[in-house]
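Given the coordinates of chain U, assemble chains X, H and A onto it according to the supplied hints.
So the protein lines, in turn, are chains U, X, H and A.
The first sequence maps to residues 1 to 143 in the working numbering.
The second sequence maps to residues 1 to 143 in the working numbering.
The third sequence maps to residues 1 to 143 in the working numbering.
The fourth sequence maps to residues 1 to 143 in the working numbering.
Everything hinted at is true.
In the SDA-like style, the derived pairs of lysine to any residue whose C-alpha atoms are separated by at most 25 Å in a straight line are:
id: 1; chain 1: U; residue 1: K95; chain 2: X; residue 2: V84
id: 2; chain 1: X; residue 1: K112; chain 2: X; residue 2: V80
id: 3; chain 1: U; residue 1: K95; chain 2: H; residue 2: Q2
id: 4; chain 1: A; residue 1: K95; chain 2: X; residue 2: R141
id: 5; chain 1: X; residue 1: K109; chain 2: A; residue 2: T55
id: 6; chain 1: U; residue 1: K109; chain 2: A; residue 2: I139
id: 7; chain 1: H; residue 1: K95; chain 2: A; residue 2: P81
id: 8; chain 1: U; residue 1: K95; chain 2: H; residue 2: G111
id: 9; chain 1: X; residue 1: K112; chain 2: A; residue 2: R94
id: 10; chain 1: U; residue 1: K109; chain 2: U; residue 2: M6
id: 11; chain 1: X; residue 1: K112; chain 2: H; residue 2: K112
id: 12; chain 1: A; residue 1: K109; chain 2: U; residue 2: G111
id: 13; chain 1: X; residue 1: K9; chain 2: X; residue 2: A83
id: 14; chain 1: A; residue 1: K109; chain 2: X; residue 2: S123
id: 15; chain 1: H; residue 1: K112; chain 2: U; residue 2: L122
id: 16; chain 1: A; residue 1: K112; chain 2: X; residue 2: M126
id: 17; chain 1: X; residue 1: K112; chain 2: U; residue 2: L93
id: 18; chain 1: A; residue 1: K109; chain 2: U; residue 2: V80
id: 19; chain 1: X; residue 1: K112; chain 2: A; residue 2: E128
Hints are computed from structural coordinates only; laboratory data are not their basis.
Number of protein chains: 4
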Amino acid sequence: MQAPAMNVKQLEEFLVREFSQFFNPQNGLTIEDVRHSGARVRQGYNPLFVRPGGTISGPTMMALADFTMYVAVLATIGPVPLAVTTNLNINFLRKPEQRDLIAECRLLKIGKRLAVGEVMVLSDGMDEPVAHVTSTYSIPRQS
Amino acid sequence: MQAPAMNVKQLEEFLVREFSQFFNPQNGLTIEDVRHSGARVRQGYNPLFVRPGGTISGPTMMALADFTMYVAVLATIGPVPLAVTTNLNINFLRKPEQRDLIAECRLLKIGKRLAVGEVMVLSDGMDEPVAHVTSTYSIPRQS
Amino acid sequence: MQAPAMNVKQLEEFLVREFSQFFNPQNGLTIEDVRHSGARVRQGYNPLFVRPGGTISGPTMMALADFTMYVAVLATIGPVPLAVTTNLNINFLRKPEQRDLIAECRLLKIGKRLAVGEVMVLSDGMDEPVAHVTSTYSIPRQS
Amino acid sequence: MQAPAMNVKQLEEFLVREFSQFFNPQNGLTIEDVRHSGARVRQGYNPLFVRPGGTISGPTMMALADFTMYVAVLATIGPVPLAVTTNLNINFLRKPEQRDLIAECRLLKIGKRLAVGEVMVLSDGMDEPVAHVTSTYSIPRQS
Numbered sequence: 001m002q003a004p005a006m007n008v009k010q011l012e013e014f015l016v017r018e019f020s021q022f023f024n025p026q027n028g029l030t031i032e033d034v035r036h037s038g039a040r041v042r043q044g045y046n047p048l049f050v051r052p053g054g055t056i057s058g059p060t061m062m063a064l065a066d067f068t069m070y071v072a073v074l075a076t077i078g079p080v081p082l083a084v085t086t087n088l089n090i091n092f093l094r095k096p097e098q099r100d101l102i103a104e105c106r107l108l109k110i111g112k113r114l115a116v117g118e119v120m121v122l123s124d125g126m127d128e129p130v131a132h133v134t135s136t137y138s139i140p141r142q143s
Numbered sequence: 001m002q003a004p005a006m007n008v009k010q011l012e013e014f015l016v017r018e019f020s021q022f023f024n025p026q027n028g029l030t031i032e033d034v035r036h037s038g039a040r041v042r043q044g045y046n047p048l049f050v051r052p053g054g055t056i057s058g059p060t061m062m063a064l065a066d067f068t069m070y071v072a073v074l075a076t077i078g079p080v081p082l083a084v085t086t087n088l089n090i091n092f093l094r095k096p097e098q099r100d101l102i103a104e105c106r107l108l109k110i111g112k113r114l115a116v117g118e119v120m121v122l123s124d125g126m127d128e129p130v131a132h133v134t135s136t137y138s139i140p141r142q143s
Numbered sequence: 001m002q003a004p005a006m007n008v009k010q011l012e013e014f015l016v017r018e019f020s021q022f023f024n025p026q027n028g029l030t031i032e033d034v035r036h037s038g039a040r041v042r043q044g045y046n047p048l049f050v051r052p053g054g055t056i057s058g059p060t061m062m063a064l065a066d067f068t069m070y071v072a073v074l075a076t077i078g079p080v081p082l083a084v085t086t087n088l089n090i091n092f093l094r095k096p097e098q099r100d101l102i103a104e105c106r107l108l109k110i111g112k113r114l115a116v117g118e119v120m121v122l123s124d125g126m127d128e129p130v131a132h133v134t135s136t137y138s139i140p141r142q143s
Numbered sequence: 001m002q003a004p005a006m007n008v009k010q011l012e013e014f015l016v017r018e019f020s021q022f023f024n025p026q027n028g029l030t031i032e033d034v035r036h037s038g039a040r041v042r043q044g045y046n047p048l049f050v051r052p053g054g055t056i057s058g059p060t061m062m063a064l065a066d067f068t069m070y071v072a073v074l075a076t077i078g079p080v081p082l083a084v085t086t087n088l089n090i091n092f093l094r095k096p097e098q099r100d101l102i103a104e105c106r107l108l109k110i111g112k113r114l115a116v117g118e119v120m121v122l123s124d125g126m127d128e129p130v131a132h133v134t135s136t137y138s139i140p141r142q143s
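With the rest of the complex left out, here is chain U (with noise of 0.2 Å):
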């Protein structure tokens, strides 16, 4: 089993200094694993995240989702400031609890130009997944 290119200490600075508009102490985020071809984040709860019906933003899932496959990118491939996604979909499954939400994302493709994952959204602490992402992001050349 490889190693990742970047443990979660180095994935933490980097998106500190890269990317702290969305990783900041403020939005609530943890790294909690990572590895090569995956990761898992966790979002913690804010109630600006409810809405109507007592359910969590489908943006803030998509959110999560595509920060997720991000991290999953970086510890495969290293630093690469300028992935870009290309493509999401996402399938809603399930009403979230109010309550953290956790990403567990796995690469199914790491190419020289194109990496493609998928991630599972879950309430904190229940079994079944609240939404289902599959993602691509364009890896820019390495000069």
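Just chains X, H and A now, with coordinates in the frame of chain U:
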């Protein structure tokens, strides 16, 4: 041509009442146009949306597209607080400028259970779209 | 663990009767395994599937994934002839070999109206998937 | 308005030579129109396409949309045998009639690495689409 079920003023009142966590003066959203089967919404520029490389964050575009789709559904079938997104697919096409975003939604199907639509997202004043979204809403059974 | 609503033999009889345009001896499909919430189907190799560059055609993989999802839905909720696909999203990951394809489906949600699942498509005997599919079926109301 | 890189006759010759497993007289496909960034293809009706409930099979529509996207890419960038689909997302909107299908493709982006487009699929003579597709092709580096 069928009239919309709600006009812009009625939509604003409904959304302020039912959806104020997202539709509020701080968020910079303006419903510019609604019709039966469509809507156009503007997202005012906010420096918080900017990401590495000078782009606007993907989740900003996803949230705008999802909201515009919801507005188009409401404009077509009337006030349905608990319609929920079941699927959203986004292709990111070009780097957005640091200016307002415009989302233009067109519904492709309005069934009894599901509404399907597409949304073009543009940087204000530019011709070519920055993102394209297709999305499905589940419509609760009317009692 | 819940038992499947139909076993392989019952599924074959149902599909030969209701779906013989696709499920017939010429098509080379074998239902290898079913369970509550899942199914595995093999598509026998056919030189007609080959495309430029020695790959298997995308539509062959899409048709197999769609069928495997249908088998998983039937295995879970029983014989429902008119369940229909509403959405299918496929990511092509690697060039398939010129050999059988295996599709492994897992349902992520089985609701009253919608079933959502994912399907991994592999070249027989290889470890890494050639395609990944997510799909939604609409389930007709039972009378 | 830019001229297409290949006209209908040139496309037919190229496809008969490079892609005859799919583009051949038995398959009932007609390229009706091409332009820079778009194409329209007709799929002649075949009773083999029919499925339970009198509908046309989903894979028939997926294969047609994928092919029409390929034609539009070729019409725009010229003969590239090894361009491959990386993602395809389809929403099935209405039950198709038992008649020809028409696919109308419009490219949304033609980059150096990726082309993204959307395809509307209609039953011949009907106004409302039976399916909507978005698709991404990966374009090989030119040597």
